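Enquirer: What follows is each chain in one-letter form.
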Amino acid sequence: MRRWVLPPLLLAALAGIWQVAATNGTIADALGIEPFLVPSTSEVASALWESRGLLADNAWVTLREILLGFGCALVLGLGFAVAMRLSETLRLAAYPLVVASQTIPIIVIAPILVTWFGFGIVPKLLIVALICFFPIAVTTLDGLRSVDPAALKLMRTLDASRWQTFRRVEIPTALPASFSGAKVAVVIAPIGAVFAEWTGSSSGLGHLILQDNAQLEVAREFAAIVVLSAIALTLFAIVSVAERLIVTWR
Amino acid sequence: MSVSIRGLEHAYGELRTLDGIDLEVPSRGAVGLVGPSGCGKSTLLELLCGLAEPSAGSVAIDGAAGAAQRLARSVYMPQRDLLLPWYSALDNAALAPRNRGRSRNEARHDAAALFERFGLAGFERARPDELSGGMRQRVAFLRTLVAGKPLLALDEPFAALDAITRGEMQEWLAGALREDPRTVVLVTHDVEEALYLCDRVAVLSPRPGRIVATLDSPTPRRADRVAAVTDPAFVAARDRALHILRQHTSAVP
Chain A
95 MRRWVLPPLL LAALAGIWQV AATNGTIADA LGIEPFLVPS TSEVASALWE SRGLLADNAW
155 VTLREILLGF GCALVLGLGF AVAMRLSETL RLAAYPLVVA SQTIPIIVIA PILVTWFGFG
215 IVPKLLIVAL ICFFPIAVTT LDGLRSVDPA ALKLMRTLDA SRWQTFRRVE IPTALPASFS
275 GAKVAVVIAP IGAVFAEWTG SSSGLGHLIL QDNAQLEVAR EFAAIVVLSA IALTLFAIVS
335 VAERLIVTWR
Chain B
10 MSVSIRGLEH AYGELRTLDG IDLEVPSRGA VGLVGPSGCG KSTLLELLCG LAEPSAGSVA
70 IDGAAGAAQR LARSVYMPQR DLLLPWYSAL DNAALAPRNR GRSRNEARHD AAALFERFGL
130 AGFERARPDE LSGGMRQRVA FLRTLVAGKP LLALDEPFAA LDAITRGEMQ EWLAGALRED
190 PRTVVLVTHD VEEALYLCDR VAVLSPRPGR IVATLDSPTP RRADRVAAVT DPAFVAARDR
250 ALHILRQHTS AVP
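Protein chains in written order, with our numbering: chain A, 95 to 344; chain B, 10 to 262.
Derived from the structure by calculation, the hints contain no laboratory data.
Warning: the hint list may mix true and false statements.
Stated by the list, open to error - So, partial list: chain A residues that the calculated Cβ filter (under 8 Å) puts toward chain B:
1) Ala177
2) Val241
3) Ala245
4) Leu248
5) Arg250
6) Thr251
7) Asp253
8) Ala254
9) Arg256
10) Trp257
11) Pro270
Unchecked claim - Distance condition first, Cα-Cα at most 25 Å in a straight line; then the derived SDA-like pairs of lysine to any residue:
12) A:Lys247 to B:Thr239
13) A:Lys247 to B:Pro159
14) A:Lys247 to B:Leu224
15) A:Lys247 to B:Arg216
16) A:Lys247 to B:Pro227
17) A:Lys247 to B:Leu170
18) A:Lys247 to B:Thr228
19) A:Lys247 to B:Gln78
20) A:Lys247 to B:Arg109
21) A:Lys277 to A:Thr183
22) A:Lys247 to B:Arg82
23) A:Lys277 to A:Thr135
24) A:Lys247 to B:Arg249
25) A:Lys247 to B:Leu24
26) A:Lys247 to B:Ser46
27) A:Lys247 to B:Ala81
28) A:Lys277 to A:Arg256
These numbers come from a predicted model, not from an experiment.
We treat Cβ as the ideally placed atom computed from N, Cα and C, and that holds for glycine.
Can you build the whole structure from these sequences, using the hints too?
Expert: So, in structure tokens, the structure goes:
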């Protein structure tokens with residue numbers, strides 16, 4: 095009960111404090127800026143309502159990038175982890191490269207992807223997929239490798255084939271770790287999508303934020319941020335529910 | 010299904026674990042292996058079951074010495090119950106038939122019959138974490154029996170249980186073996202357990218393990234365990250085994 099009540103209460107309290115501090119100019123004074131640059135909670139709320147059509151259209155664009163990118167990362171991340179589990183040679187050869195690839199900032203890659211694939215959805219979903227791939231692949235591989243060697247012996251003595259051992263022991267062992275990876279991935283996916291839109295796009299929440307920022311539409315900028323984090327929270331909740339439905343033994 | 014072990018040696022790299030083991034187990038006979046921790050008892054069972062290969066010597070089950078043949082003829086019951094937490098008790102017990110390609114329902118049917126017989130009826134759908142230690146061990150044992158192999162290699166099956174439950178489980182296993190006799194090799198460091206459950210007990214030395222003595226059990230698998238283990242002949246055999254064990258482990262301070 096408390097964990098459903100306390101976060102909204104805290105959020106409401108913070109929103110209330112912000113409302114007061116923004117309206118009476120405390121924040122603007124502290125920052126030394128014009129008060130209209132600091133929208134109050136109620137101004138953000140009304141921007142959310144008045145621009146709902148615009149926000150929804152752009153949110154849909156961003157959501158699609160997130161879902162497609164995350165979907166690609168899920169398929170590739172799981173596939174790669176399984177392949178590295180099945181082939182020691184592949185793991186030894188590829189794992190260090192996968193880790194090394196993460197040291198290349200996405201900021202550097204994004205413009206190149208735009209150059210190669212244009213302003214459509216492809217570079218966006220590639221960027222989202224690139225940042226989601228790593229947490230999913232690494233947690234899944236670690237999960238697969240954490241399997242109890244005694245359980246593998248047990249399966250051999252119980253006449254299991256390699257595939258049966260993989261399906262009945264290794265996959266269930268790895269699932270909780272995979273879900274942890276997927277939860278990390280799904281909350282950073284929107285960051286990737288926004289960033290991808292910044293490198294070159296004509297729609298999406300990231301694009302809208304950039305535009306509003308330039309036009310000093312600060313309230314709507316905040317509203318777009320609210321929508322974006324609502325998307326991330328919802329996706330996180332969906333993955334968590336899926337985890338509870340699938341990983342029933344924990 | 011008899012077991013014949015000749016001049017068996019095993020080493021993990023430089024570490025010699027078993028040295029010149031000779032052991033015969035007659036069909037449907039039960040032999041216990043007792044010895045200090047780390048004397049290679051578990052390794053011996055893995056060699057027996059085709060889960061490992063000897064460095065020298067041979068292990069044969071009914072004359073078949075290949076690892077695949079040993080795997081097919083024997084089943085290894087590890088020390089921990091290793092029940093898979095994502096399966097129900099029944100599905101855990103039914104693992105071997107499932108692995109051999111029987112349908113889920115057929116495999117469950119095979120296992121369910123034994124649930125009744127071993128007092129686990131009503132717990133078929135329970136997840137392992139809902140079962141007590143004794144029940145988990147029983148499910149693990151059923152899983153071993155349902156595998157339907159003629160040779161059972163039991164690795165300290167009751168070591169994790171408290172003394173009272175262990176006694177009950179020993180009595181229960183004795184009953185199970187009376188009803189459904191198999192060839193058994195039991196590893197334990199409990200001399201009393203070995204003498205109660207087996208026809209013959211081999212005492213192993215510290216690593217590298219060698220058989221230093223073999224004793225016959227006076228009254229194996231009697232229905233009344235307490236009566237069996239307090240029988241003077243049993244007590245004498247137990248004291249002898251303990252004495253031999255002590256002689257060979259006294260080097261360890």
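Enquirer: It remains to establish, for every hint, whether it holds in the given structure.
Expert: Hints, one by one, checked against the model:
1. Ala177: Result: violated, 23 Å to nearest chain B Cβ.
2. Val241: violated (11 Å)
3. Ala245: holds (5 Å)
4. Leu248: A:Leu248 check passes; min Cβ-Cβ to chain B is 5 Å, inside 8 Å.
5. Arg250: holds (6 Å)
6. Thr251: Holds, because the Cβ-Cβ distance from A:Thr251 to chain B comes to roughly 4 Å (cut-off 8 Å).
7. Asp253: Hint on A:Asp253: holds, closest Cβ of chain B at ~5 Å, below 8 Å.
8. Ala254: Hint holds; A:Ala254 Cβ to chain B Cβ min 4 Å, cut 8 Å.
9. Arg256: Violated - the Cβ of A:Arg256 stays beyond 8 Å from chain B, reaching only about 11 Å at its closest.
10. Trp257: violated (10 Å)
11. Pro270: violated (10 Å)
12. A:Lys247 to B:Thr239: It is violated: about 38 Å lies between the C-alpha atoms, which goes past 25 Å.
13. A:Lys247 to B:Pro159: holds (19 Å)
14. A:Lys247 to B:Leu224: violated (31 Å)
15. A:Lys247 to B:Arg216: The given pair, whose Cα atoms are some 23 Å apart, holds under the 25 Å limit.
16. A:Lys247 to B:Pro227: violated (35 Å)
17. A:Lys247 to B:Leu170: holds (22 Å)
18. A:Lys247 to B:Thr228: Violated, at about 34 Å.
19. A:Lys247 to B:Gln78: holds (16 Å)
20. A:Lys247 to B:Arg109: holds (16 Å)
21. A:Lys277 to A:Thr183: With a Cα-Cα distance of about 29 Å, the restraint between A:Lys277 and A:Thr183 is violated, given a limit of 25 Å.
22. A:Lys247 to B:Arg82: OK: A:Lys247 and B:Arg82 at ~15 Å, within 25 Å.
23. A:Lys277 to A:Thr135: The given pair, whose Cα atoms are some 29 Å apart, is violated under the 25 Å limit.
24. A:Lys247 to B:Arg249: Given pair A:Lys247, B:Arg249 is violated - Cα atoms ~35 Å apart, limit 25 Å.
25. A:Lys247 to B:Leu24: holds (21 Å)
26. A:Lys247 to B:Ser46: Holds. A:Lys247 to B:Ser46 sits at ~21 Å (cutoff 25 Å).
27. A:Lys247 to B:Ala81: holds (14 Å)
28. A:Lys277 to A:Arg256: violated (29 Å)
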